[in-house]
Amino acid sequence: MEWIRQRLDKIKEPFSKGKKFEKYAPAVNALDTFLFVPNHTTKKGAHIRDAVDLKRVMITVVLALIPALIFGMWNAGYQYLSQIQAEVGFWEALGHGAIKLIPMIVVSYAVGLGIEFAFAIFRGHEVNEGYLVTGLLIPMIMPIDIPLWMVAISVVFAVLIGKEAFGGTGMNILNPALTARAFAFFAYPTYMSGTKVWVSEASDVDAVSGETILGKLASGNEVAYSSMDMFSGLIPGSIAETSTICILAGALLLILTKVGSWRIILSGFIGAAIMGLIFNSLGGSFPDNDLMNFEWYNHLIIGGLAFGIVFMATDPVSAAQTTKGKWIYGFLIGLFAVMIRIFNPAYPEGIMMAILLMNVFAPTIDHYVIQGNVKKRKKRVKAQVKTA
Amino acid sequence: MSRDIKVKKGLDLRLKGEAEKTVVDAPRSKTFAIKPPDFHAVVPKMLIKKEGTKILAGEELFFSKYNEAVRFTSPVSGTLKEIVRGDKRRILEIVIEADSENSYKDYGKMNASSASSEEVKNRVFESGCGAFLKQRPYDIVANPEDEPKAIYVSAFNSAPLAADLDFILGDKKAAFQEGINALKKLTPGKVYLAVNKKVASNLTDIQGVELLTVSGPHPAGNVGVHIQNTDPINMGDRVWTVGAEDVSIIGNLFLTGQYRAERTIAVAGSASKEQDRKYYKTYIGANIEDLIGEVNDEQTRVISGDVYTGLRLSNKQYVSFYDNTLTLIPEGNNYRMFGWLPFTYNGIPSMSKTSLSWMFPNKKYEVDTNLNGEERALVVTGEMEEVMPLDVFPMQLLKACMTGNIEKMESLGIYEVIPEDFALIDYVNTSKLEAQEIIRLGLDLMITEVG
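Which chain is which? The protein sequence lines are F and G, in order.
Taking this note's numbering, the leading residue of the first sequence gets 1, the next gets one more, and so forth.
Taking this note's numbering, the leading residue of the second sequence gets 389, the next gets one more, and so forth.
Please keep in mind that the hints were generated in silico from the structure rather than gathered at the bench.
Please note that a few of the clues may not be correct.
Once the Cα atoms are required to be at most 20 Å apart in a straight line, the calculated SDA-like pairs of lysine to any residue come out as [claimed, not checked]:
no.	chain 1	residue 1	chain 2	residue 2
1	F	LYS43	G	ASN703
2	F	LYS44	G	LEU759
3	F	LYS10	G	ARG724
4	F	LYS386	G	GLY624
5	F	LYS379	G	LYS661
6	F	LYS379	G	SER799
7	F	LYS379	G	GLY624
8	F	LYS17	G	ASN721
9	F	LYS10	G	ASN721
10	F	LYS378	F	LEU357
11	F	LYS375	G	ILE794
12	G	LYS394	G	GLU406
13	F	LYS376	G	ILE436
14	F	LYS375	G	MET623
15	G	LYS820	F	GLY124
16	G	LYS669	G	TYR710
17	F	LYS379	G	ASN703
18	F	LYS12	G	ASN721
19	G	LYS453	G	ILE436
20	G	LYS537	G	LEU599
21	F	LYS378	G	ASP619
22	F	LYS258	G	GLU774
23	F	LYS324	G	GLU773
24	F	LYS258	G	ASN734
25	G	LYS561	G	LEU643
26	F	LYS379	G	ASP779
27	G	LYS661	G	LEU643
28	F	LYS378	G	ILE794
Quick caveat: nothing in here was measured; it's all calculated off a predicted structure.
Only chain G is shown next, with the shape it has when bound in the complex (with noise of 0.2 Å):
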């Protein structure tokens, strides 16, 4: 079964420095991290708290202090070099000093077609795979407890010089099959896939699941879309979304018995190097120097992620858990005369018609990290309007967000959006608002208020 998704509203950035379609193996990395920063509102509690201690691959690192069934396993086989922690005793890193060869903690063979559901579930919260689930709303890494209505798993990243999922899938079917197999046993509802109509998909021919075909601008990709296309989410929902590569991590679990994070990262951007564009086959919580080398971050922006939503890491730092795109992009830190006149400076790519940069569509930018402006208050109206493919006001519904409204939050539809659906208007809109900011806050709001 495939249905069709046509994306009206958004926008298709290009830029510079697209990764070459070719994987490598990178060069193994002797330490990896797992960052407890990644899971959002989730408090780590260290299960092994030796600095020394010897670890598996697939054995527990730490669990949630508030819900002892979500877990986090260690990607690499090795041993915990450092616990890193930062203002309040907060755990920012959890290194990892790896063994040249991972060896893994054996969870056993499973075959998750057969299996009951309740086995499926122990077994992929209690590999760390849990951690792989994320809750819809707020954003957060999902319930054990909870019974999603539905499950969505999108091989279309339709952001600028991001991951091409599908291709990264290209050889890992078998697994992602069984990993698919094993999410349909988490719902009574059905797993969603998408895959972009535009090009051949490696993954028309996967079994069990509703085939979403979407095409149209970003964010096309962004699972926030094909939900609410779909079978939108109500108050009191729980949707649980996972990212492509990590089906195949959890399909391994279940053909192997052992947790395999094995991570494919595309290197891209115009500030790399051009002979480092390519994909990278390493596992989750890599070191980016094994990657890049060692970058001047004055000049060079180093993001775990795309641009719209990627986190800025600086140098000997580890590409974030759920991430399949390291780019690196220009430092913008420099002034541009009188660069407030319309119909100047039109290299730099601009959604406003106050840029001349609308008659090249197909031109390739640069793009750097300048604010193009300074903060100012919310004048013009439509041009968030223009990027929301969902159907919600989002001028509005940020407004009630940084009132704190939950009442109007919540008719206004923040239970149907998470931060990256506003990534886009984060980069468009005039006043250098900071969208995503917001709504995480909102969320967050949510999350205590009504939980």
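Excised from the complex, chain F in its bound form (with noise of 0.2 Å):
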């Protein structure tokens, strides 16, 4: 360990202060920090500080991606190859999946982590971990097939005018991976919705049905799929969104480090089940609707319902910041996302759209909540000026 730190310090030299390379002292200092917390100290108000670090956090969430990940890789090779053969060996389905998703990975963290990188230089400040919990989300939500010149695309876009634009990592109003999705969707309809594209190689080859549940509902076509296999997440869709079961143990960890905000999460589920109720109850007087009559508890865990409000609806940056806040924020994704889901055919899954409305509206929600407090502070006040 020793010997490391003394060649890292010997390879930054040239990148130190009044040294040729200054510029790019950024980009070494990342990769520094990475290997090593580096030894600054205090130099100013609290002696100490607590062993978290922004760092720390980013990792965590990734940590919490991975159960999601590892299955998504294995459904999509498993979606396939269920279809064109009656056995599925493991490795099989998984290295079908990992052959299709790990260029996809590389390809989103190198083109998203350069631009990163070429920001911090330009504007002088240290590399923010954030991109590194960003990178992976968007392949995950991404169809299996789509081009890697589309992901890279939609990178730049999430990253250069979804992020950067508003002033870098903290300061964004869209959650960045959605904001390459929502990209994605609208600048290659064809390649991100459809019946063709949510299972690998299924617009290639015609045995292969590549469609998901929520648009066969919207099709009114026969849902041959068990509570068990949406639960389980057996069943076509975006790579990593399908099993709630790895979302919720994703879910499980953000909640116990506290890195994901419990309140967001539990409302989401709440608001996206009363929806789903209200919905059920009406369901009678329009028999033909099939999403309608869908039953509220598959509604919970089928699409990227799940996903969505568990990995993304969380992203402190993007959703409401109060306490209160972030209750009527997750509600509110929820009931939208299920009513998006139901009323509108053009997008069958509703979360996606629902989210960012609400990142849109999240500084208003928490702006009401912040003037309460302003009110009971001026109230006060009056009450003063009358008694004196």
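Mind docking these for me? Both chains are given alone in their own frames, and the hints should help you get the complex.
Here you go:
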């Protein structure tokens, strides 16, 4: 360890203050701090600091994503292979998924981190770790067959327009990963929706159907999956969104480590369940609408709802920041997600739109929560003036 | 009369190296110093300019340039040795070479209870005891022309390793009572005294105060918490706060007619020598060399005050004016490989559950000064609220201060806070934001813009 440290210090020398490559220091520092927590000591303020830092928080989210990622990789292979052959081996399926998914992850990280590093050097600040999560989320919410160049362009759009245009990490209004997906969704709709994209090779091999449950429901087709399939994730869909079990495992880690807000997660599911129940009760009058008559609990475990609520809605930057605000924000996301599903046949899945919509309204929610505190203060002043 | 205050939000950090509860006389320092930077926003105007002048304890050294009634006096008798100046000739330290015995300037005895408010106020300010009165909002030395709506004294210091003020006052009760009597004359409102509910207090029978029995985690002892729970500060209000031991100095002024700037200082912290960890009786502005000797300041951080709010000192410097604690902790200028991995390095205490240190609530930790990361953009939300017992939105208030939005700062409660209320936020926040500094700058902006 000592030896590595000394080597690193040597490499870093030309990048130190007043030296030739000073400008590029953020890039080298980003790599260095990836190996070592630096020896910086407190200069002002409190003399001691908590062990937590942003890197630790972000890595925790990455860890929480791992179960869904591995399952998604395997499921991508399984959905395809199970339609063309009788028996599917575990490694066979995982291998098929890995060949498709890993290049996407590499592209996403390479392009995104490239931009992040460039902006850090250009603006002269350290590289923020936020992209570690965003860069993994983006491929996880794409269809498996999306061309790599589309992933790259979506990443560029998300990082440049979604994040850096607003001032960088911590300032963005929309969740960057969802911005990437929304961009791809509207720019390349044939690759992002329909009946052909949700299972690997479905667009090329005629025998393979690539329709999601939500798509089937919207067009009135028969759904051949049981609730258990939906819960465990043996269904077609975006790469990592299918397995509710794996997502809940991630949610558990996020909640236990307090990295993700349990309030948003819980209220999100409550909101979706309530909306589902409302439509179920109305469903009798519309016997032809399959989505309305789809049981409310099944609404919670299909599509991207669970993934969106657990990993996207909880992004602290774009979510509501006040405690009360988080309850409202999560609840409305769940509510709108199911509502968009049922009312808008153009978008069989509503969670992306619901989260982006609430991202925009999160500051408004916070504003009204904070006004409560401000009003209390003003009232006090008034009461004092009266008694005086 | 007593009133309970239960604090729910906050954080108790258990650190190694508590001071043993025995009081000893410190060896007489050769030099003492008053440090004008301790008095925020005061521009000192020296009264005695010549080095080598003889001074008595309680004799005036300097006054505030913008308010002549705010006077600062010498804690000991001796000769003025040196006026240490920094950039732009700013006075940093006024060093006094002390006589072996103090001789005092006589202000004359006075019975605080029977004297008039005017007399009491004049006496307090002319003797330099005005420096002990701190004004809220803004956390600055009080202005004698004001009449505060209440005065708060906290004998409960909840910060880790901080001196137990209640214990210090055990044998100074008579002076403390007289000090309270004097403070009562300075306000038409109440004098509040806060004590720790969890331990048997020496001060429960003090007369003429509204007793607050406080329980809960740090910052339960902070005056800001007590004010908000009893009589919150509104725009235009003035509230004064006084340190607990300072009350007894004011009391002694009335009892004896002398400005006896006695200060009991607890030496604590895991980097201090075990035999040093005691309470020392000395005077304000004592040289730290007499308490802890010389330390290697590459390896040890010497802090005047507690680990959250204290001031960093180097060898041979002086304890700050208001502080009762001298904390020594190891410096943390070392690298940690893969230190960002969650659930590793659990020996570093953390409020975050990404460390396993929460599993050992009774363990005592040895902390160092490592930043444990680097400064980053504000990302994580909700963690500041967990350690903020005041009824404010900390993150929003900090952002308002950063952008200098005065109207927003006002409506979010800038008048109710001082930097120490944000000390725990300094400690816990993931982005390593310097919250105390931001609040201080925000308050300074308010002083210049609103006054």
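Results for each hint:
no. : hint                : result
1   : F:LYS43 - G:ASN703  : holds, 17 Å
2   : F:LYS44 - G:LEU759  : holds, 11 Å
3   : F:LYS10 - G:ARG724  : holds, 18 Å
4   : F:LYS386 - G:GLY624 : holds, 15 Å
5   : F:LYS379 - G:LYS661 : violated, 53 Å
6   : F:LYS379 - G:SER799 : holds, 11 Å
7   : F:LYS379 - G:GLY624 : holds, 15 Å
8   : F:LYS17 - G:ASN721  : holds, 19 Å
9   : F:LYS10 - G:ASN721  : holds, 18 Å
10  : F:LYS378 - F:LEU357 : violated, 32 Å
11  : F:LYS375 - G:ILE794 : holds, 17 Å
12  : G:LYS394 - G:GLU406 : violated, 25 Å
13  : F:LYS376 - G:ILE436 : violated, 50 Å
14  : F:LYS375 - G:MET623 : holds, 14 Å
15  : G:LYS820 - F:GLY124 : holds, 18 Å
16  : G:LYS669 - G:TYR710 : holds, 14 Å
17  : F:LYS379 - G:ASN703 : violated, 51 Å
18  : F:LYS12 - G:ASN721  : holds, 18 Å
19  : G:LYS453 - G:ILE436 : holds, 14 Å
20  : G:LYS537 - G:LEU599 : holds, 17 Å
21  : F:LYS378 - G:ASP619 : holds, 15 Å
22  : F:LYS258 - G:GLU774 : holds, 12 Å
23  : F:LYS324 - G:GLU773 : holds, 12 Å
24  : F:LYS258 - G:ASN734 : holds, 17 Å
25  : G:LYS561 - G:LEU643 : holds, 12 Å
26  : F:LYS379 - G:ASP779 : holds, 14 Å
27  : G:LYS661 - G:LEU643 : violated, 38 Å
28  : F:LYS378 - G:ILE794 : holds, 15 Å
Comparing the model with each numbered hint stated earlier shows that hints 5, 10, 12, 13, 17, 27 do not hold.
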